[in-house]
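*Asks:* Letter by letter, the chains look like this.
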Amino acid sequence: SQTIHQWPATLVQPVGSPLSLECTVEGTSNPNLYWYRQAAGRGLQLLFYSVGIGQISSEVPQNLSASRPQDRQFILSSKKLLLSDSGFYLCAWSVLAGEQYFGPGTRLTVT
Amino acid sequence: RKEVEQDPGPFNVPEGATVAFNCTYSNSASQSFFWYRQDCRKEPKLLMSVYSSGNEDGRFTAQLNRASQYISLLIRDSKLSDSATYLCAVNPPGTYKYIFGTGTRLKVLA
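If you read the sequences in order, they're chains U and H. If you read the first sequence in the working numbering, its first letter stands for residue 548, the second for the next number, and so on. If you read the second sequence in the working numbering, its first letter stands for residue 404, the second for the next number, and so on.
Hints are computed from structural coordinates only; laboratory data are not their basis. Where is the CB? At the ideal position from N, CA and C, for every residue including glycine.
Quick partial rundown of chain H residues pointing at chain U, CB under 7 Å, derived from the structure:
{"hint": "1", "residue": "Ser435"}
{"hint": "2", "residue": "Pro447"}
{"hint": "3", "residue": "Leu449"}
{"hint": "4", "residue": "Ser452"}
{"hint": "5", "residue": "Asn494"}
{"hint": "6", "residue": "Tyr499"}
{"hint": "7", "residue": "Tyr501"}
{"hint": "8", "residue": "Phe503"}
{"hint": "9", "residue": "Thr505"}
From the structure, some residues in chain H lie toward chain U, with a derived Cβ separation under 8 Å:
{"hint": "10", "residue": "Phe437"}
{"hint": "11", "residue": "Glu446"}
{"hint": "12", "residue": "Ala492"}
{"hint": "13", "residue": "Lys500"}
{"hint": "14", "residue": "Gly504"}
{"hint": "15", "residue": "Gly506"}
Calculated pairs, DSBU-like style, for lysine-lysine (alpha carbon to alpha carbon, straight line, at most 35 Å):
{"hint": "16", "chain 1": "H", "residue 1": "Lys482", "chain 2": "H", "residue 2": "Lys445"}
{"hint": "17", "chain 1": "H", "residue 1": "Lys500", "chain 2": "U", "residue 2": "Lys627"}
{"hint": "18", "chain 1": "H", "residue 1": "Lys445", "chain 2": "H", "residue 2": "Lys510"}
{"hint": "19", "chain 1": "U", "residue 1": "Lys626", "chain 2": "H", "residue 2": "Lys445"}
{"hint": "20", "chain 1": "H", "residue 1": "Lys445", "chain 2": "H", "residue 2": "Lys405"}
{"hint": "21", "chain 1": "H", "residue 1": "Lys500", "chain 2": "U", "residue 2": "Lys626"}
{"hint": "22", "chain 1": "H", "residue 1": "Lys405", "chain 2": "H", "residue 2": "Lys448"}
{"hint": "23", "chain 1": "H", "residue 1": "Lys448", "chain 2": "U", "residue 2": "Lys626"}
{"hint": "24", "chain 1": "U", "residue 1": "Lys627", "chain 2": "H", "residue 2": "Lys445"}
{"hint": "25", "chain 1": "H", "residue 1": "Lys500", "chain 2": "H", "residue 2": "Lys448"}
{"hint": "26", "chain 1": "H", "residue 1": "Lys500", "chain 2": "H", "residue 2": "Lys482"}
{"hint": "27", "chain 1": "H", "residue 1": "Lys405", "chain 2": "H", "residue 2": "Lys510"}
{"hint": "28", "chain 1": "H", "residue 1": "Lys482", "chain 2": "H", "residue 2": "Lys510"}
{"hint": "29", "chain 1": "H", "residue 1": "Lys448", "chain 2": "H", "residue 2": "Lys510"}
{"hint": "30", "chain 1": "U", "residue 1": "Lys626", "chain 2": "H", "residue 2": "Lys405"}
{"hint": "31", "chain 1": "H", "residue 1": "Lys445", "chain 2": "H", "residue 2": "Lys500"}
{"hint": "32", "chain 1": "H", "residue 1": "Lys405", "chain 2": "U", "residue 2": "Lys627"}
{"hint": "33", "chain 1": "H", "residue 1": "Lys482", "chain 2": "H", "residue 2": "Lys448"}
{"hint": "34", "chain 1": "H", "residue 1": "Lys500", "chain 2": "H", "residue 2": "Lys405"}
{"hint": "35", "chain 1": "H", "residue 1": "Lys510", "chain 2": "H", "residue 2": "Lys500"}
{"hint": "36", "chain 1": "U", "residue 1": "Lys627", "chain 2": "H", "residue 2": "Lys448"}
{"hint": "37", "chain 1": "H", "residue 1": "Lys482", "chain 2": "H", "residue 2": "Lys405"}
Generate coordinates for the entire structure from the input sequences, incorporating the hints supplied.
*Replies:* Right, here's the structure in full:
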């Protein structure tokens, strides 16, 4: 069966510090991978998605970037965090445009 | 008009009640639709896909109304454990993206 891992579960970072969140998927090949952010009490905002290694589509211009160095690995990064980057970051996977499954998420607080 | 819209609620219903939520979408060519459940401070979990012919899973029934461009979720015999936020998701045509509604909050009261 398929499993999706995200770490860390929680993170507190000062403004201006770098960020690296990692997501890995097991049990499937060539998944589509997604990064979402959910601000407190808000809906899911799609940040990036990838349909293959090295292929990244950005949905919202901001100080975040994403990379997919391996088939089942998706990384979200920032060089300098802003207060507005606080939120619940969720990685998800799907096969083509089918059902999408989410990882447990990383709760980021920028102080 | 937003691409996907939901009534934020909350819907407060007594145990055993039947409750229904709607989710409207703007792109008439959308093909794939889903309902998710999200508990507080947790990730969304897939509840069910919505097929053209409808979909039923126990107490939950999902339907698609293409003419009026909405999907619905019906919960029968509500349980306390059904209290959560219900998100709908739509896959726009020609993309691998998913557009989520902001969710409808359900509170089932004892």
